[in-house]
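Residue numbers (our numbering), protein chains in the order written: chain F, -13 to 328; chain A, -12 to 383.
One thing to keep in mind: the hints can contain errors.
Reference listing, derived: stretches of chain F covered by chain A, where coverage requires no fewer than 3 residues with Cβ under 8 Å from a Cβ of chain A [stated by the list, open to error]: (1) 125 to 131; (2) 254 to 268; (3) 292 to 306.
Each computed DSSO-like pair below joins lysine-lysine, with the alpha-carbon atoms no more than 27 Å apart [said to hold, decoys possible]: (4) K146/A with K315/F; (5) K125/F with K102/A; (6) K152/F with K315/F; (7) K356/A with K146/A; (8) K152/F with K181/A; (9) K146/A with K125/F; (10) K102/A with K181/A; (11) K125/F with K199/F; (12) K102/A with K194/A; (13) K220/F with K199/F; (14) K22/F with K167/F; (15) K220/F with K194/F.
Keep in mind the hints are simulated off the structure, nothing from the lab.
Every residue gets a Cβ at the ideal spot worked out from N, C-alpha and C, and that includes glycine.
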Amino acid sequence: MASSSSKFSARLLIERFAATIILALVAIWLGINLVKSPSQFFQASAIGISNGVLYALIALGYTLVYGIIELINFAHGDLFMLGGLFAATFIAVWFGQEEPSNVGYVVFFACLIAVMGFCASINVAVERFAYRRLRRAPKLAPLITAVGVSFIFQFIGIRWNGSGPKTWNSVLPSGEIIIAKVHIPYTTLISFLVTIPLLVLMTYIVTKTRRGKAMRATAQDADAARLMGINVDKTIAFTFALGGALAGAAGLLFQQTRGVTNYNLGYQLGLIAFTSAVLGGIGNLSGAVLGAILIGLIQGLNDGLPIGLGQQWSQTVVFSILILLMTFKPTGLLGKPMVEKV
Amino acid sequence: MELSLRRKTDSSKKKKNNKSFDQKKWIRGFTVAAVLIWVFYAFVVELLPYEVASFFQKWFPASTVNESLVWVICALGLNIVVGYAGLLDLGFVAFWAIGGYTAGWFMSDFFHQIKIHIGSTSPATQNGIHLSFWGVLIIGALIAAVFGVIIGAPTLRLKSDYLALVTLGFGEIIPQFFYNGENIGGFNLTNGSKGISPIDNVGLFGKTLGPFDLDWKYLIFVSLAALMVFISLRIRGGRLGRAWLAIREDELAASMMGVPLMRSKLSAYAVGAVSGGIGGVAFATHVNGVFADRFSFAISIILLAMVVLGGMGNVWGVIVGALAISWVNATGLPAFGDTVNGALGTNINFPSYNFLLFGGILIFMMLYKREGLLPESRLKELLHETDDASSNTGGH
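This is chain F alone, in the form it adopts within the complex (with noise of 0.2 Å):
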């Protein structure tokens, strides 16, 4: 016993030393970057933070779906790209409106509610016919059904916009204001301005109402939440609408604010996504949101420092923190510690 628990310790030793030189090395690089080109820096920091909101949207999905029935919605990422598409279709195609103009904002706030729609009834729907009947099924089973749903998107993503990308003119103003010489769009703080009161929205959601509050019972013993009164199914469902919801509207923005769309935009963000759900913690909402900020920071100083790895490396970036975070601490930054339950 007594040498097993002091093995425990010397491993907890390394790591923590492992995690303290990742950690200072990141520090040296960003101070570094910091006295060369402060411009540059913040600069790369203000492009960074608005992709972290856009994460933030989708991670937030994930991370709702795994706290409540401990399945990895790999198909979260593809919703992301249809609500994309979908927003492209509603402003452009259906309504004509490829530049800003007064018509144009409200098209586009027409849109953001539509598209949460469109996102949260194909989410309740796969919910429905697919994951609902694997719920007692071996884990193995709904994450594979997830897998075979994410391409069954990206099919549906092939079909309506083309097999490359497609750009798109944005509604929304394309100035930008420049505050102690960074550059921040116009688009960048509309994004905030849709983000920041959907996330306080849902926030309020989960904490205050009543259908939260079932939320939280399900999440944390579903049997104990049926025998208490509490519509299981109902509930799981209005999870999903709630994580489709928002990922509709992190895929009105990102069509908005980047113009582009692509049927494997998806896949790459949703795992950026998921990472920064993990890196939070999963299963932590406020976890999420942080982490999605942190990923989106990070992504954006490497892409853009004068000295770092560049954009062709940003994807393995990414994943070796997942995978450095999963091997250290696989609860993340602000999750609970899990125990296995027998």
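Using the hints, position chain A against chain F.
Frame of chain F; chain A shown alone:
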């Protein structure tokens, strides 16, 4: 007392003989099937009337047969990780890529700075590292095994779904490394998106097999597939295989019973990776090159679909699944599309439906036939366990 003891050992010996007979029986069937197919493609097809021959050219070309065998080899490796040990691996393409680049490095004139020739078929004047195909197979298998352990190591403490994500992460990092690897500190390691091509010919009994000697290469590929079947079946019957099954069925119980979790899991990754490496080398000689953008996430998923369709844990099921899906992917869908478009005058791009097909297969199999087409009896029970005590709906 002594007598009874002896009788007991006798009977156990008999049983053992019986078992080894069972295990050898497949070798005969496999060999007969393989040789028949070889004879057919090498000799019979030429003698057939034009109509029949062109039917085979269209629906079952020899290159598709060989490519399918590569898929079989890789799917058998993934089956060891997913089907036997129950560790979901979504990044198997990494091993395929590693095997491919091993062939690219050691069987081409890519490293033109040096000149090494060992048992190679290429002319001795060529620069680059030129090793024998058989040596490269072993090197590829070893390198892949080492990476299997490296990839497996961080996942040991993880729960099943986190593990899937870590393997997925490696499955993204390694191809991206190959893709961006034309300038690693100023050194061109992988030739980036251009890839490495051509690959040396394969030497077999004094013959030189280029990319178009499909019949002879078929023999090599089918033997490699047989080797993987043999390895899979032998290990499954042994101590390690039983340890894997125990881990798959209940990891906690297995560790309580003294199954060394770490060693067993790492060896599952290593053995699985070996077949990925072998498949990668074989595929590189098949397409006469190695190209970074081929190694996409879709390959990992297609392999998973093969394993799931055929029946996780059952070697024969996996082979059937791999042959079926790779045939559909390489020939079936395009040929079917040509036929339909030709007959109806439509212009439908059938190969673009493969996303729908694979996604559909995964979902359909998971919902209605979780154990696959040729189920393994043990897994069938496990997957239909609806015990409330092992509920998955609970939180953490």
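Now for the hints, and whether the structure bears them out:
Residues of the stretch 125 to 131 of chain F lying with their CB closer than 8 Å to a CB of chain A number 7, which satisfies the three-residue condition for coverage. Restraint check on the stretch 254 to 268 of chain F versus chain A: 3 residues with Cβ-Cβ distances below 8 Å, three needed, restraint holds. Only residues whose C-beta sits within less than 8 Å of a C-beta in chain A count toward coverage, and the stretch 292 to 306 of chain F has 6 of them, enough to reach three; the restraint holds. Pair hint K146/A plus K315/F holds up; C-alpha atoms about 13 Å apart against a cutoff of 27 Å.
Between K125/F and K102/A the alpha-carbon distance is near 52 Å, which puts this suggested pair outside the 27 Å criterion. At roughly 39 Å between alpha-carbon atoms, K152/F and K315/F are farther apart than 27 Å, so this suggested pair is violated. For the proposed pair K356/A and K146/A, the alpha carbon gap of about 25 Å is at most 27 Å, so the pair holds. A distance of roughly 25 Å separates the Cα atoms of K152/F and K181/A; the hinted pair therefore holds under the 27 Å criterion.
The hinted pair formed by K146/A and K125/F meets the criterion: a straight-line CA distance of about 10 Å does not exceed 27 Å. Under the criterion of a C-alpha separation no larger than 27 Å, the hint pairing K102/A with K181/A is consistent with the structure, at around 22 Å. With a C-alpha separation of about 26 Å, the suggested pairing of K125/F with K199/F holds against the 27 Å cut-off. Straight-line distance between C-alpha atoms of K102/A and K194/A comes to about 23 Å, which keeps the hinted pair within the 27 Å bound.
Restraint check for K220/F and K199/F: the C-alpha separation of about 13 Å stays at or below 27 Å, so the hint holds. At most 27 Å may separate the alpha-carbon atoms for a hinted pair to count; K22/F and K167/F meet this at roughly 15 Å. Pair hint K220/F plus K194/F holds up; C-alpha atoms about 18 Å apart against a cutoff of 27 Å.
Of the hints listed earlier, those the structure fails to meet are numbers 5 and 6, in rising order.
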